[in-house]
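Undergrad: Chain residues, written in single-letter form:
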Amino acid sequence: MGLTGPQSMSGLPKEELGGELRLGDIPLSQTVELVRIDLPAERAEPLLERGVLPGCRICPVRSSPTGDPIISVDGSLLALRRETANCLCVRLLSDFSQESQ
Amino acid sequence: MRDLSTPPEGSASASAQIENETRSPLIALIGPPNSGKTTLFNRLTGLRQKVANYPGVTVEKYVGQVQCDLEQTVELVDLPGIHGFSARTLDERVTRDALEGRLEDLPAPDAVVLIVDCTRLESQLMLVEPVLKLELPTLLVLNMWDELEERGGNLDHMELAHLLGVKVVKTNARVGLGVDQVKDFLSGVEIRHRGLPPPVRVLNNVPRGVPLPMIDAFTARRRRVDKVVDRASFVQPGPAQSTERLDAVFLHRIWGPLVFLAVVVVVFQSIFTWAVPLMDGVELLITSSGEWLASRLSDGWFRSLLIDGVWAGVGSVVVFLPQILVLFLFLGILEDSGYMARAAVIADRVMYRVGLQGRAFLPLLSGYACAIPAILAARTVEDERDRLATIFITPFMTCSARLPVYALLIAAFIPDRRLLGPLMSYRAAVLLGLYGLGIMAAVVTAFLLKRTLLRAEPGSFVMDLPPYRLPSARSIGLRLLDRSKIFLKRAGRVIFAVAIVLWMLTQFPRLDTGPPPIEDSALGRIGQVIEPAIEPLGFDWRIGIGLVTSLAAREVIVGTLGTIYGVEDATDDSITLQETLRRDLTLPAAIGLLVFFAFALQCMSTVAVMRRETGGWKWPILQFSYMLFLAYSGAFIAVRLF
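Note that the protein sequences, when read in sequence, are chains A and B.
Here the first sequence stands for residues 17 to 117, numbered as in my numbering.
Here the second sequence stands for residues 664 to 1305, numbered as in my numbering.
Next up, chain A with everything else stripped away, as it sits in the complex (with noise of 0.2 Å):
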């Protein structure tokens, strides 16, 4: 179960997943906006909780020796697992400029 409605999970066709961007192909140091977290609602809580919601800013601070992001969420530190930052659906905030323009 999506948590953004049915259309948010994996059956949307190809070309409109292509244009999108996950928080593990973000470079470190860019600040991006949360979209969307292609998690089921029990795995996603924990980072509901933590304040990792649609909208919010993240920005990797940096990679663990094992590869995976920390990031920074309002002022908070926090590891994740690639897999699940792979899930976290994310866009530039330049984009986000353009659109509100």
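Wrong hints could be hidden among the right ones.
As the list claims (entries may be wrong) - Pairwise CB distance ranges, derived in the manner of DEER restraints:
id, chain 1, residue 1, chain 2, residue 2, range
1, B, Val1013, A, Asp41, 35 to 41 Å
2, A, Asn102, B, Glu853, 31 to 37 Å
3, B, Glu1047, A, Glu36, 31 to 37 Å
4, A, Arg98, B, Gly851, 46 to 52 Å
5, A, Asp41, B, Thr936, 46 to 52 Å
6, B, Ser850, A, Leu109, 30 to 36 Å
7, A, Leu108, B, Leu1082, 55 to 61 Å
8, B, Gly709, A, Ser79, 40 to 46 Å
9, B, Ser850, A, Ser79, 47 to 53 Å
10, B, Glu798, A, Leu108, 57 to 63 Å
11, B, Phe1110, A, Glu36, 46 to 52 Å
12, A, Arg107, B, Leu941, 44 to 50 Å
Hints are computed from structural coordinates only; laboratory data are not their basis.
Even for Gly, the Cβ is constructed at its ideal location relative to N, Cα and C.
On the provided structure of chain A, position chain B as indicated by the hints.
TA: Just chain B now, kept in the frame of chain A:
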């Protein structure tokens, strides 16, 4: 204890009056992990309590008394840190149930103190809304205020208080700033009239009856929090420079794992070498005090019971106190400094391959001292199946109770010869091999469990990385005191009882001349009944009795063998015990016995704590049988291999 029974209708005021006279107000202290909750608790109560810079250390609830002024005291309960009220972990369940007054041994609180780390205010304030639903007098403590200011953050705390409708206090609990204002709040708390417990759960992450998906409920609440925070002119502090610099080393691609390995090596080294002089000291103290006591008592059954039974039995366990304390000292420094969270991140990939997660690292490392605190520490593991798997494999970690057994058998049977030049002796290699055997068994078991009974999708591992902080000697000192008390209590109860029962069984049936020869005593006969079962392993009835008594605690076998072989003091004069062991046990059987101890779950306290932590007998029975099976077959194979 307090009377928790619900007063019948009509007599409510009368019973409330009685309550007023018999107990002081109870205040619940809650907050997210690592917000300084336990530090504040220690400041307020002065009670020993574990505090650490590792998310999720308050694994049980602690109650302490706060002296508000000369006359008035209130009770403060420190509840496990929580991020929300999903009750996904055992910790969260304890906190939720305590706040709602659903715990049997704790009444519903009369007020709530919610402490948050104000350097990351937005996400921490997510707890405010559900807590306010309790409709209790609430104090919001903005902890780490100094850090907020240092790092260039700001907040209008008066405005925040106004917007939320609660009292707000700024504190720096580490140095005690603002603690008096918290006390002022506590002194004003009155006992509520208490009726029936709330009929429906009030604490949820997602409000009941709301058709929104969970994420929308969170986002909506977050929007409200953001609005409040904005209006209170919150300025987010900049990143902690020192933490960034330290992480650049501790989480470095190359240095990170090296530091990690160095830390593990130092912890082990500390247990095995630096603790030894202290242990020798304690041993000397026990034997000399025993001798002094013996010289004061007339020869008779009472002296025999006290010296050979109790003193030797309890003493053989108390010897391990320094070792356990040294380990906990290191764990305490690692936790308080914030390094442990980094270690968990580094360990996560390896754990993940086995089917566990990085949070299991702390419980498993603690398991080298003692499985009991380790099993409790597993409460911080978020996924229930991961937690069970962690608990299940913890007793395979070579706990310090196995050491005296290993030490005795290795000294008796393994020649003191060099294996790898000056680096390693045969004895050290065997000891290392036994540690390796435990780790192997743990890995294989976890692997099997996660593919059978505890099969699950790999969870989403999220680990909070707190800023690095200098550990305070006070907090670590208090914790070590607490540990010693727990350990001595255990030694006092279990070992004391075993020692007495054992001693009595050696005294009966009495002959005219006095106690019977050991093989004719009740104990000897029990051993002979067991003998056929353990004969394939090359053990005789004496070892059999040792195995039975060591069911209470592993180290008891040393004292037991001492008693059986008629050696007056097994720990003091272990040369004699070693010699007699060599006479009755072959080398393969000795190795078999070592393997048996590496695997078997001979520890009633572990079984008891397992039952409590897993909520039934299923897991402890399964674990006991599984480990016994491994121990028996392992010893069976070892005897034939060597």
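Undergrad: For the range 46 to 52 Å, tell me whether the beta carbons of arginine 98 of chain A and glycine 851 of chain B fit it or not.
TA: For arginine 98 of chain A and glycine 851 of chain B the Cβ distance comes to about 50 Å; the hint holds.
Undergrad: Just tell me: holds or violated, for the beta carbon distance of arginine 107 of chain A and leucine 941 of chain B against 44 to 50 Å?
TA: 59 Å, violated
Undergrad: Between serine 850 of chain B and leucine 109 of chain A, does the beta-carbon spacing fit 30 to 36 Å?
TA: 49 Å, violated
Undergrad: Assuming the hint says 31 to 37 Å, is it satisfied by the Cβ distance from glutamate 1047 of chain B to glutamate 36 of chain A or not?
TA: The hint (31 to 37 Å, Cβ to Cβ) holds, given that glutamate 1047 of chain B and glutamate 36 of chain A are roughly 32 Å apart.
Undergrad: Does the Cβ-Cβ separation between glycine 709 of chain B and serine 79 of chain A fall within 40 to 46 Å?
TA: The hint (40 to 46 Å, Cβ to Cβ) holds, given that glycine 709 of chain B and serine 79 of chain A are roughly 43 Å apart.
Undergrad: Between valine 1013 of chain B and aspartate 41 of chain A, is the Cβ distance one that fits in 35 to 41 Å?
TA: 25 Å, violated
Undergrad: With 55 to 61 Å as the target window, see if leucine 108 of chain A and leucine 1082 of chain B comply at their CB atoms.
TA: 59 Å, holds
Undergrad: Using the Cβ atoms, figure out if aspartate 41 of chain A sits within 46 to 52 Å of threonine 936 of chain B.
TA: 48 Å, holds
Undergrad: Asparagine 102 of chain A and glutamate 853 of chain B, beta-carbon distance inside 31 to 37 Å?
TA: The hinted range 31 to 37 Å is violated for asparagine 102 of chain A and glutamate 853 of chain B, with Cβ atoms some 53 Å apart.
Undergrad: Starting from the range 46 to 52 Å, see whether the pair phenylalanine 1110 of chain B and glutamate 36 of chain A falls in it by beta-carbon distance.
TA: Hint violated: Cβ distance 35 Å, outside 46 to 52 Å.
Undergrad: Is it true that the C-beta distance of serine 850 of chain B to serine 79 of chain A lies inside 47 to 53 Å, as the hint says?
TA: 50 Å, holds
Undergrad: Do the beta carbons of glutamate 798 of chain B and leucine 108 of chain A sit within 57 to 63 Å of each other?
TA: 44 Å, violated
When the structure is compared with the earlier hints, violations turn up for hints 1, 2, 6, 10, 11 and 12 and for no others.
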